[in-house]
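Number of protein chains: 4
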Amino acid sequence: MPDARTTVRELREAMGRFVAERDWQQFHSPKNLSMGLAIEAAELMEHFQWVDSETSRQVGQDPNKRTAIGEEMADVACYLLALANSLNLDLSDAVLDKLQKNAQKYPAEEFRGKFAKD
Amino acid sequence: MPDARTTVRELREAMGRFVAERDWQQFHSPKNLSMGLAIEAAELMEHFQWVDSETSRQVGQDPNKRTAIGEEMADVACYLLALANSLNLDLSDAVLDKLQKNAQKYPAEEFRGKFAKD
Amino acid sequence: MPDARTTVRELREAMGRFVAERDWQQFHSPKNLSMGLAIEAAELMEHFQWVDSETSRQVGQDPNKRTAIGEEMADVACYLLALANSLNLDLSDAVLDKLQKNAQKYPAEEFRGKFAKD
Amino acid sequence: MPDARTTVRELREAMGRFVAERDWQQFHSPKNLSMGLAIEAAELMEHFQWVDSETSRQVGQDPNKRTAIGEEMADVACYLLALANSLNLDLSDAVLDKLQKNAQKYPAEEFRGKFAKD
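Residue numbers (numbering that gives the first Met the number 0), protein chains in the order written: chain A, 0 to 117; chain B, 0 to 117; chain C, 0 to 117; chain D, 0 to 117.
You may find that some hints are simply not true.
Same chains, same label: a pair holds when it works inside one copy or across any pair of copies.
[Claimed, not checked] The calculated lysine to any residue pairs, modelled on SDA-like cross-linking and capped at a C-alpha distance of 20 Å, are:
#1 K113 x E53
#2 K100 x E70
#3 K64 x R4
Source of the hints: derived by calculation from the structure; they are not laboratory data. Keep in mind the model is a prediction, meaning the values are calculated, not measured.
Given these sequences and hints, build the entire structure.
The following block contains the structure:
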């Protein structure tokens, strides 16, 4: 399972090499990358548009759809990694900080089984 | 630099704990998570909407904006990690596969400095 | 009911005046407007993120939510009108053409009650 | 120029007939329609992703691209019309209200040539 041994930096470096080999940094402004990220997020969403929420849990069981969904998730991830590279921003740091902040904003006892305050 | 030592699994587990502590798996269908991802991607994009592409490279220099942008990127990442958890899909594997596929689709010599074929 | 008597041109002109009075045409490039449209579409989607598909039909009954949803729909419409103005493109023409094209792509007999071919 | 003589209601009715003939109201929950709208908005944005803001003003001159852009705008409009039908919400009313509200939020003298307060 690559996730168990792959650091975020390794993924950022793999993406960084891909971009540098094509001299694409010139196109990779934060504005353009954020657009790419939103476009790929929409393509991912397309797989779940017409099924209801519960049924969407089964979509990932179909091998062909699973592969297609994985590719869209990879596209989203690649733009996110490219943006972290472009801004020189530590992604793990941002994620762990945000989870701490959200843990305070949504105390577990108060929000258990609820997505909003009563 | 946390990215240098944090594995994708560690981030997935941190997100997984946050969700489990609130019993939020019931809301985390792939359909809902893909919507959340697209919503956060749009909020990220908002930071760059009115500046032109080149100027957007400077936005990340402003400390307040940098923090806000990092938070939006974290939100995108959290939904992506939650979706990987929900689908039990290896994200590093998907990213590395996609980069290989894209390396064949966009040969470096042919696409250097260009984002499309002539 | 304003929809019964308001032409698309009247809405385009109202939007055009709003933009011209602020000298905002300089910001209203198709790139920026398409970003704005996607951002507002995401804000609209946010109202329905955590409810399931059927329940989302009730959201519009709540007067406060109905007003908020109407405002997000208006924001989407305003960017679409501004883009039609910026490109000098007839929106009604585009819609009626697309409906004809879709009527051929999805023949009623074949697609009745189905969103995809068997 | 159809925009000059086509009312919003006529467009809503054309969309309503298309949906009813296929018995698609069952899929047209506000949740699903808002996802469709966001997906089409992303496809529209794709036409302008890699060009800079100023250059995007020229994209609409190319006849093939103009047709493709018009089709994406029509897709966005169709989902917006379907959502107005699903919620039984007057779109012209919402747009004209929002423009009035925005005229107060962004007084012309103060915001002329600026997209934000100093």
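May I ask which of the numbered hints given earlier this structure violates, with the numbers listed in increasing order?
3
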